[in-house]
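Enquirer: Take a look at the letters that make up each chain.
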Amino acid sequence: MQIELELNGHQRTFDVSKSDVLLDVLRRNGYTGPKRGCDTGACGMCTVQIDGEPAMSCVTPVTKAADASVETIEGLGKQDDLHPIQEAFVDNSALQCGFCIPGMIMRSKALLEENPDPTETEVREALADNLCRCTGYKKIVEAVLDAADRMDGNAALATDGGTDVPDCVGSTCSCEEGNSL
Amino acid sequence: MSNMEETQEQNDRPDGIRAEEEAAESDAIPGESEVAEDDRKPRDERDQVTEDVEKDDARKIVTGEARYTADYRDRFPELAEGKVIRSDIAHGYVRDIDTSEAEAMDGVYAVITPWDDAVPDKAYSSSGQSYPEPSPWDMRVLRKHVRYVGDPVAAVAAADTETADRAARKVDIEYEERDPVLDPEAATEPDAPQLFDSDEVENAQHGADYERNLESHFEGEIGDVERAFDSADDERVIETEWETPYQSHCVPEPHTTIAHTDEDDRYNFITATQVPFHTRRQIAHLFDVPIRDVRVTKPRIGAGFGAKQEMAIEPIAFALHRAADKPVKLEMTRREEFFALRFRHPMQMRMRTAVDDDGTIEAMDLYTLSNSGAYGTHGMTVANNVGTKPLPLYPRVPNVRFEGDVVHTNLPMGAAMRGYGAPQGHFAVEAHMDEVARRLDLDPVEFRERNAVREGDVDRSVAILKDGDRFARKIRSCGLRECIERGKEAIGYDDLDQPSEDHLHRGVGMALIAQGSGVAGRELGAAQIQMNEDGSFHLQVGGVDTGTGSDTMFSQVAAEVLGCDPEDIVVISSDTDLTPFDYGAYASSTTYISGQAVKEAAEDARERLLHWGSKMLDEPVETLVARDGEVYSQESGERVSLKEIGYEATYGHDEREHILGKGSHSTDESPPPYGAQFVDVTVDEETGEYEINEMAFAADCGVAINPALVEGQIEGGEHMSLEYATSGGLEFDEEGNPEVLGFRQYGMPRTTDHPPMETIIVETHEPTGPFGAKSIAELPTNGVPPALSNAIRDAVGVRVNSLPITAEKIRKALDVE
Chain A
1348 MQIELELNGH
1358 QRTFDVSKSD
1368 VLLDVLRRNG
1378 YTGPKRGCDT
1388 GACGMCTVQI
1398 DGEPAMSCVT
1408 PVTKAADASV
1418 ETIEGLGKQD
1428 DLHPIQEAFV
1438 DNSALQCGFC
1448 IPGMIMRSKA
1458 LLEENPDPTE
1468 TEVREALADN
1478 LCRCTGYKKI
1488 VEAVLDAADR
1498 MDGNAALATD
1508 GGTDVPDCVG
1518 STCSCEEGNS
1528 L
Chain B
17 MSNMEETQEQ
27 NDRPDGIRAE
37 EEAAESDAIP
47 GESEVAEDDR
57 KPRDERDQVT
67 EDVEKDDARK
77 IVTGEARYTA
87 DYRDRFPELA
97 EGKVIRSDIA
107 HGYVRDIDTS
117 EAEAMDGVYA
127 VITPWDDAVP
137 DKAYSSSGQS
147 YPEPSPWDMR
157 VLRKHVRYVG
167 DPVAAVAAAD
177 TETADRAARK
187 VDIEYEERDP
197 VLDPEAATEP
207 DAPQLFDSDE
217 VENAQHGADY
227 ERNLESHFEG
237 EIGDVERAFD
247 SADDERVIET
257 EWETPYQSHC
267 VPEPHTTIAH
277 TDEDDRYNFI
287 TATQVPFHTR
297 RQIAHLFDVP
307 IRDVRVTKPR
317 IGAGFGAKQE
327 MAIEPIAFAL
337 HRAADKPVKL
347 EMTRREEFFA
357 LRFRHPMQMR
367 MRTAVDDDGT
377 IEAMDLYTLS
387 NSGAYGTHGM
397 TVANNVGTKP
407 LPLYPRVPNV
417 RFEGDVVHTN
427 LPMGAAMRGY
437 GAPQGHFAVE
447 AHMDEVARRL
457 DLDPVEFRER
467 NAVREGDVDR
477 SVAILKDGDR
487 FARKIRSCGL
497 RECIERGKEA
507 IGYDDLDQPS
517 EDHLHRGVGM
527 ALIAQGSGVA
537 GRELGAAQIQ
547 MNEDGSFHLQ
557 VGGVDTGTGS
567 DTMFSQVAAE
577 VLGCDPEDIV
587 VISSDTDLTP
597 FDYGAYASST
607 TYISGQAVKE
617 AAEDARERLL
627 HWGSKMLDEP
637 VETLVARDGE
647 VYSQESGERV
657 SLKEIGYEAT
667 YGHDEREHIL
677 GKGSHSTDES
687 PPPYGAQFVD
697 VTVDEETGEY
707 EINEMAFAAD
717 CGVAINPALV
727 EGQIEGGEHM
737 SLEYATSGGL
747 EFDEEGNPEV
757 LGFRQYGMPR
767 TTDHPPMETI
777 IVETHEPTGP
787 FGAKSIAELP
797 TNGVPPALSN
807 AIRDAVGVRV
817 NSLPITAEKI
827 RKALDVE
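Chains A and B, in that order, are what the protein sequence lines are.
Going by my numbering, the first sequence opens with residue 1348, and the numbers climb by one from there.
Going by my numbering, the second sequence opens with residue 17, and the numbers climb by one from there.
Just chain A, with the same shape it has in the complex:
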C-alpha cells in the first residue's frame, strides 16, 4: 500500500506494508537520524514529532502517520546553520556517542514548543522517556535550559520588530525545513 504524509514540510508518498512501523519506513527511505534502540518504545532514540507531538517511531504503526505532519531531526538546522536547540547541545558538550541525540533533540523541541520557559524539573520530566548512557543527563538538561533562553531571545527580538531576525532559527520556521533535504 501507499501512504502520504508531510515529512519535514514536504509532501511524500511511501510504499509501505500495513504492519510497518514508522521508524522502518523512515530509515528505509534515507531518514537515518531516528535510531533503533529497543523496538519497544522504551528508550526514545527513535523520537520524531507527529503533528507537533513527540512520538516513538519504533512503536508507531506507519498507518498512524498517514496524512499527518511528521518532523525528524533531518528537518532541523544544517551543520553550518544549526537550530538553537542543536546549537545548545553542541555548545554545552551535551553529547558523546550521539546515538540518543536526534531523539533527545526532537523531544526537547516538542517540549519547548509547548513550554518555552521550562524549569529544570520540567525538562527532566519531559525527557524521562529518552535514555542516554553516556552523559549522565547533566549537560543535556543544561543544554535544553540554555536552548530555551536562546529561543526566548530570538522570540523577543522578533516581537521587538526593529532588527532582522536571522533566517531559519525559530522552531516553527518552515522555510528551513524546505531547504535542508
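Calculated from the structure, these hints are not laboratory results.
On a predicted model such as this, the values are computed, not experimentally measured, just so you know.
Idealized CB from N, CA, C, for every residue including glycine.
It cannot be assumed that every hint is accurate.
Computed footprint of chain A on chain B, listed as stretches where at least three residues anywhere in the stretch have a Cβ under 8 Å from a Cβ of chain A [said to hold, decoys possible]: (1) 69 to 75; (2) 721 to 728; (3) 757 to 763; (4) 768 to 776.
Fit chain B to the supplied structure of chain A, relying on the hints for placement.
Expert: Frame of chain A, contents of chain B only:
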C-alpha cells in the same frame, strides 16, 4: 605467584624487542627510571590543551548526519539481513537442526548451522585482547554444546528483517538437555554439571580446573599476611563480605556489523567495535584468511563501555556473508543485548584487614569469587582487577594478599565492562574501609587520609599477581588529598543539616577511587601525521573514538605541538586499511597511550617543519618555535606561516619534502588516575526508603586535555555507577531463563532518577603522559556503590553489603538491629 599473562608475554614477543623494553625487563621499578622529557606547561602557555574544543563530530550528531553501522545499509543494494537463532535451554547438546522449511522460503539466502562449511569448527576467544588472548579459547561461532539461554546455534540471511525473523522461527532444533548449574559456589562441587572438557579448551590462565568448572584460580601475596593477622589485636581485625549483580552495558547502539567482500576480493567489515585491529586479527585466524585481506572500519559508534571490546557477532555475520554470497548486516535487538551478549561479572567478595593502634593498616586480605557465566572471555583478567585496581589506594600496607576464583555457570557470560572489575573491587574495599573506621571509632576520611597513596609511594600491590617488580610502579602524580578536600567542601561534609522529621536521617559517605591508564606492558598505539600545502594536517591514528571525543583530544594534542588550530587537523581514525595500528579503546588507554603516539608523531613532524622554517627564514633551528600558525624566531622575531612552509616544502625549486611524522608508543607504565566520590543521602528509618540528595565527584586525571569532555566522562561514569548502586541487575528462573529483557524491567536510570551532581577536576601533572594527562574514562564508574553504602551507614547505622541497595535491604538491616 604469577598468572599466565607473564608466560604468554615471553612467548609472543616479536624478535626486535626495543631497548627500553629490554631495560624494563630488569628488576628496576619502572617508576624509578628517569622520565624522558618534562613537557609541563603552565596554564597560560597552553594554546590547545585544557581547552573545551568543540567535539569534532558534534555538528553531524545534532543534525542526524553522523553515520553508525546500520546507517550504511544504503551503500549495499543487495544487502541481506541476518538473524541469529539462539538456544532456549541453559545446558545441553544440539542433536539435530531441521532447516528445510526455512530454506524453502522466498527471500531466504542462507541458513547456517554448526555443521555448515561456512562455519569454522575451531575454538577461539571473543575477547578483544592482545595476542594470544589471555582469555581461554573456549567458544565456537555456532554451538553444538549450548551452555546458556542465548547461545547462538544457527543463523539466517534473508532479503529483509521480517523474512529473516520468520525464517528463524521455522528452524527446528532438537536438544538433548543436561542439568544446568546456576550458582557459582555449587558449580565447583564434585557432582555439579560440567560445562567444558579440559581438552576442548585452550586455556593458558592460571589454575583452571574444568572438572570443578573453574576457569581460573589466582593468588598473590606481599609480606606475610597470616603472621600479621596472628599478631594483631583481635579487636582490630575486621572482616566483611560483599556481593554484586550482573550489570548490562545498555549500549545505545546494539551490536551491529556489515560484512562484505569488495571488488579486490578483500573481506570488509563496517562494524561497531572498540577493537578494529584485534578483530581483524581474530577474523583472519578464525577463518584462516590472511590478515592483509581483512579490513575493519569503525564508523561512528553508539558507545561501547566494553561490550564492544569483543568480536561478539562479526564471525556470524561473516559466515552468513560467505554462505549467502551477499553483503550481510547483522544487527542485534535490545532483547538480545539483555540476555545473549555481554555483561559485568557478578561477584562475591570477602575483605579482611588488621589495623594497629594508631590507625595504620597492617594487613589487607581480599578474596573474590567471580561468576564468569558460560564462557571465559575476560574472566580472569576482570577478576584480577578486583584487587589490582583498589588495593593500590593503600600502597604502604606491608602485608597484602589477593586471591580469586573464576567459575563457569549456565548463565550469560561476563566480559569487559567499563571499570573492568574495579567497580566490584571498590565496593568491597572502600565500603570495608569505611566499616573498619566506624567500628574502630575513627573518622572514615581521616583513616583514609592516613593510609592512602601519596606522590612518591612505590606501589607493589598493582603487581601482586605477577612475578618480580617489572610492573611495580612509582606514583609520580597524586591529587587524592585535594580530591577529598574539594569533594568534602562541595557536598558540605562538615555541615550537614538533619531533616526535621524524626524518622528521616541524613548521612554522607565517601569512597576513594583509583584506576589505571592502559594495561601496563600490554599496549601499543601508533599515529602518522602529514602536512598539506595550506598548512593543515592529516592525522591518521589507530585510536578508537567510541563517542568519548578522543578524535578531538588527538587534534588538540597534535595542534599544541604543531602550533596550529585543532580544526586544521583532519583526524582519520580506526580503519585498519588507513591508519597505523592500535590495540583499541579499552583499559582507559586512549589518551595516555594513543594520545602519546599522536604527540610523538606531531613532534616528529615538527622537527621537519622547523627544518623548513630554518631554511626559509635563514635562522638556526634552535631559535625557532611553532605557534599560532607560524614558525618564528624567538631571537629575531622573523616569521613564516605554516601555509608558506607547506607550499615551499611541497613545490620548492631546489628541494622538496612531504613533511611527515610518525609515532609508535608502548610502555610498562600505567599511572593511576584518582578520585573521591561523595554521596549525600536521606534515609527513612521506618520504610528503608532513601533519596540521594546530591553526589560530588572530584577527579585527578593529570592534565585534562579537554575539560568539557572530561566532565562528560565523569558524569556518564557516575550514571553507570549510580545504576550499579541503586537498580539494574538481571534475574533468571530456576532453569536459567532470563527474566529481564528490556530497559523498563532492567531499570536504567532516567533523567528523573538522577540527583544533582557536582563535578570537580583536580589538576596534577603526570610526567609520563601526553602534556601531563592520565586517564578518566573508567575511574568514575567505581564510586557510587561504596559511597552510598557508607552514606547509609552514616545516616542510620546499618550496613548494606549487596547491590543494588534497596529499601527492603535497608529495612531488613534496621530490623536486625
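Enquirer: Each hint should be assessed against the structure and marked as holding or not.
Expert: A quick look at each hint next to the structure:
Restraint check on the segment 69 to 75 of chain B versus chain A: 5 residues with Cβ-Cβ distances below 8 Å, three needed, restraint holds. Counting residues of the segment 721 to 728 of chain B whose C-beta sits closer than 8 Å to any C-beta of chain A gives 4, which meets the bar of three, so the coverage hint holds. Judged by the Cβ-Cβ criterion of 8 Å, the segment 757 to 763 of chain B is covered by chain A as claimed, because 3 of its residues qualify and three suffice. Counting residues of the segment 768 to 776 of chain B whose CB falls under 8 Å from any CB of chain A gives 4; the rule of at least 3 is met.
Consistency with the previously given hints is maintained throughout, with no hint failing.
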